[in-house]
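Q: Two chains, two separate frames, one set of hints: put the complex together.
Sequence lines, in order, name chains A and B.
Residue numbers for the first sequence follow my numbering, so the first one is 2 and each next one is one higher.
Residue numbers for the second sequence follow my numbering, so the first one is 663 and each next one is one higher.
Just so you know, these hints were derived from the structure itself, not from any lab.
The model shown is predicted, which means the values in this text are computed figures rather than measured ones.
Ideal Cβ placement from N, Cα and C applies to all residues, glycine included.
All the pointers check out, no bait thrown in.
Per the computed footprint, the stretches of chain B lying under chain A, defined by three or more beta-carbons under 8 Å from a beta-carbon of chain A, are: (1) 679-688; (2) 696-702; (3) 710-719; (4) 722-733; (5) 752-763; (6) 768-777; (7) 785-793.
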Amino acid sequence: MFKVLVGLLTGLLFGLGMNVSQMVNPYKVANFLDVTGHWDASLACVIGGALLVFVPFYHLLIKPRSHAVNGEAIQCSTQKILTPKLLIGAAIFGIGWGMVGICPGPAVASLLRGEAAIYWFLLSMMLGHYASKRVFK
Amino acid sequence: MTDFTPWSALAGGMLLGLSVTLLMLLSGRTGGISGILGGIWGASRNEWPWRLAFIGAMAASFLFNPLLGLSEAALPDYSLAWLIAGGLAVGVGTQLGNGCTSGHGICGIGRFSLRSIVATLVFMASAALVVWLTGGLGVAHV
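So that you can see chain B by itself, here it is in the shape it has in the complex (with noise of 0.2 Å):
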């Protein structure tokens, strides 16, 4: 069980908002993360470093937890073939369409382009089947 935290999510998001914003006005690349880790092999001299700082950055930014009051939730008991099965699937599926949650479901949708728009809505219609399906977390373990 999770309370609805509306405005801390705000924030984040407004946060992420502006990331994306600036990646896209200063240097014209859009702030998937899929895409931006994909990229990253075999990727020109023009295109790992950038890709590996951003990375980075976003890795480095949960050192600021303590300074922002924040704690870390403790992860699901997962099996590690639940991990490696939804791990693949995820890999497998954000090449095959093209992002994931930040980039169709914030820079696609943002720039109201219908691709994003519907791979938004069957990515979260297949997830809300298969948390129905296995009641949520619940069976992670297996």
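Chain A on its own, in the form it takes in the complex (with noise of 0.2 Å):
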């Protein structure tokens, strides 16, 4: 139960900082890609904003910590090797996210605006991740 509650609350906040970064605007997201022309920075503010919060709580206060305060092992992934599959994989989202301008958050986040786009591109998404699992694995 403190899990879900915990989920329903830092999904909330999520997406609050989705809406309130705009970043569910495609065109901002597009603008900030195109750094040979009409160059908007705005998304190098909101990853900047979120590690300004983030970095010094996990170094200070969740690094220390043998577990999560639920009492669960903290899941961070510990490899540390660059694999081919790393480098492909990324190559492949940032020409799925510089053709729609659409990442998984703002997909989520802009799901109750009742778009026919949003639905159509998360339920892409979705398939993809899902036949990549079941190829790859």
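A: Right under this line is the structure:
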């Protein structure tokens, strides 16, 4: 139950962050990526703002802990090696992100807008995720 | 054309940072949206309920926009084929590459993970290349 409540609270905060930062606007994203054109650096401030909070809390408060507050292990990737799979996957993700200006966070935060485009994007994204999991594992 | 909006971007980013901090501190989980969403199906009873709660609350946060004085910008006029191709690439890429803008770009970079720093540079570079080649979202209707 505690974990579900944490999910609700953190999901709400995350969604608010997506809307407040306007990252739900694909044009803001595309203009951040358009470094040779009308560059809009807002997305860098979004990541900067997130790191401003997460970095000190992670390194001073979370990392020294052996377990999370609910007693479960803190699950972070322990992989250290750069694999072709990571690099190819990141490159493919970037191609899709550049094509539509939407990544998973903004898509979920826009779910209730009632826009068919968001449903189609999320549906194909989940299909791609599922297919990739089946094929490459 | 969009304007540079540093203050709302910084404020929104800090909300994202607070979210991933609390999720990791309280529940020990990484606040990566592709991972949370992709792990809903077939997950154990300890995993899927909180993920569903997270996704549901995130979607519902949209309802606070009028209170915050926010209005939704119009989406580009995407063609269905372009959307599906982009969606498939995002789905496959985030699965193969173990994360998206939040998982790598915020949580991974915040932990100073080399893999996440490199992954973020790679997906930003390939996305920028696509934007350069396609003139932003200019051909998204094709």
